[in-house]
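Enquirer: So the chains spell out like this:
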Amino acid sequence: MDFIEIIERGEAEIHYIHPDDFREYVRDKKNREMKDKLMDEREAVKKFVSNGDYLAYDFSSLTRGPQSLIREIIRQRKKNLWVCAKFTLLETVLLSGAGCVDKIDVGFLGFGPYIARKVQNGEVKVYDWSNGSITYRLVAGAMGIPFIAARNLLGTDTLKHSGAVVVRCPFSNTPTALMPALNPDVAIIHVQEADIYGNARVYGPTVATLETAMASKKVIISAERIVETIEFRKNPLMTTLPYYLVDAVVHAPFGAYPGGTQGYYEMDSEHYLMLTSIADDNAMQKYLEEYVYSVDNHEEFLAKIGMDKLKQLIRKAEILEGYR
Amino acid sequence: MGVEFTDTEFMICNAARLLEDYKTIFVGWGIPQVVAILAEKLYTPNIVQVFEFGSVGHQSRTPFLRGTMGGPTNTYRAIQWCSMNLAFSYAAAGYIDYGVLGAAQIDRYGNINSTMIGDDYNKPKVRFPGSGGGNEVASFCWKTIFVMAHEKRRFVERCDFITSPGHKMDGKTREEVGLARNSGPYRLITSKAMFDFDEETKELRLIGVLKGLTIEEVIDDMGFEPLVADDVVELEPPTQEELKLLREDIDPYGLIISKGAKFKVEI
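Top line first, the protein sequences correspond to chains A and B. Per my numbering, the first sequence starts with residue -7, numbered consecutively. Per my numbering, the second sequence starts with residue 3, numbered consecutively.
Please note that a few of the clues may not be correct.
Unchecked claim - Here are the simulated lysine-lysine pairs, DSSO-like style, with alpha carbons at most 30 Å apart:
| no. | chain 1 | residue 1 | chain 2 | residue 2 |
| --- | --- | --- | --- | --- |
| 1 | A | K308 | B | K43 |
| 2 | A | K21 | A | K226 |
| 3 | B | K25 | B | K266 |
| 4 | B | K154 | A | K152 |
| 5 | A | K278 | B | K125 |
These are computed hints drawn from the structure, not numbers from a lab.
In isolation and in its complexed conformation, chain A is listed as follows:
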């Protein structure tokens, strides 16, 4: 009998779901009926985010990120999350500051000293991957295959501290990295347009919107604008997510704030700087109290930011080509 030689094994614990288990979940739990999934963020997070879930999100902290949903997860004080931080400047930091996170798969863990200290103290456990390897893992999860073979991470300590395995490829006879498929328990994604059934489209670079949604058991999207289904049928090439991937649709204008959303508003640099200057737990808890716990919902949060500021951010978003 022939064996494939295993050359090296990364030591990280991985979140892994057998492809057949995932398929059966999709068969039984993902409704193919076009039904109205519009709900507020409180209901969506209550129904679809559980303590201990593996959480993924798309796009980034500064562009089309699902920030209103992140704040709702914090408001509901979810616990023991394992976060896919493909590249993250704010989300993981706020979630960690609020005590929601135990583990982080790192692509890029930005935001400086606050999160660095949490890692140094061992308050959160990190597993090092890279943006590319995590993306490829999501691709595998979206394809229903158990792993994907790729040529990143090879030769590095990143690989040693990831959950990848190096084998000798039976075709090329060269060492090849196998990345385990990633099937998150829940994905939260912000989009420009969605209908009430969950058909959705994004404008601009897509990062891993489709792969993340396809690979995840539960998917919540928040949308700047709710549109009629005919908008998708008129231009089907522009459908990023078909409705049957999506479990909940939240109407969230300014849902990416303090980041921006292409075609709608720019990021709020001042608010962002205020966040990145948080260095200790005192400042973090003060921020969370003021902007998350003490407001009831996204609308109250926006009222706190104020119409003047929001208008300025809309005013700055002058580039529209490509975004409608």
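Given chain A, put chain B in place with the hints provided.
Expert: Quick look at chain B alone, frame taken from chain A:
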């Protein structure tokens, strides 16, 4: 007559001068973005930028906007917007010629560290953001250019953590670990010098020093002794044209270019 400039301006200008026109370049966040914009404006107008976010061939708008790399200003009039999966796969399949990366530490084979400092992974002395897309850039691009401040502590015999691969990792070549043939580190540009990698041994080799500095001064500020080329050249400081573009057009608020020590060189 003298010219004054920062470390960062020097590195950006030297990196921009290295690029070739009608080539593709994988551009990371921050300094690499400014390198690409300067090159596009001054030296290589047809260079095609690729962002990991999924933007190909965008046309730079100035002033450079820090932050929202995937937003409208930085991805303006692209040839293609795509997924991150595709952006990295372009590089993996061989379509991307150059990559530009920063580093916290580098060793003599061009391995770089952007993950952590310390000898215990679980209790790092300093924790950095990690690979981001750096591992992919260093693994997949044909030629990778590193940009790093010239400080002794950054040049190490063995990186505390090899985030992204160089030419030899703990004695193993790129091909031996399964990386693509003929790819890898191409140049290291620091605030004082430029290095390539010896064709035979693949070790870091000093090929240029900033005008006004000696080879000894440059090597004294390193944690190990590099190979030295027979004909080490003088690296010209930023030109007036480069500085004017950087300071008045590309980065008038000094978000990137004002960082680092200031130099003055007589010209």
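Enquirer: Hint by hint, where does the structure go against what was stated? Just the numbers, ascending.
Expert: Number 3 only.
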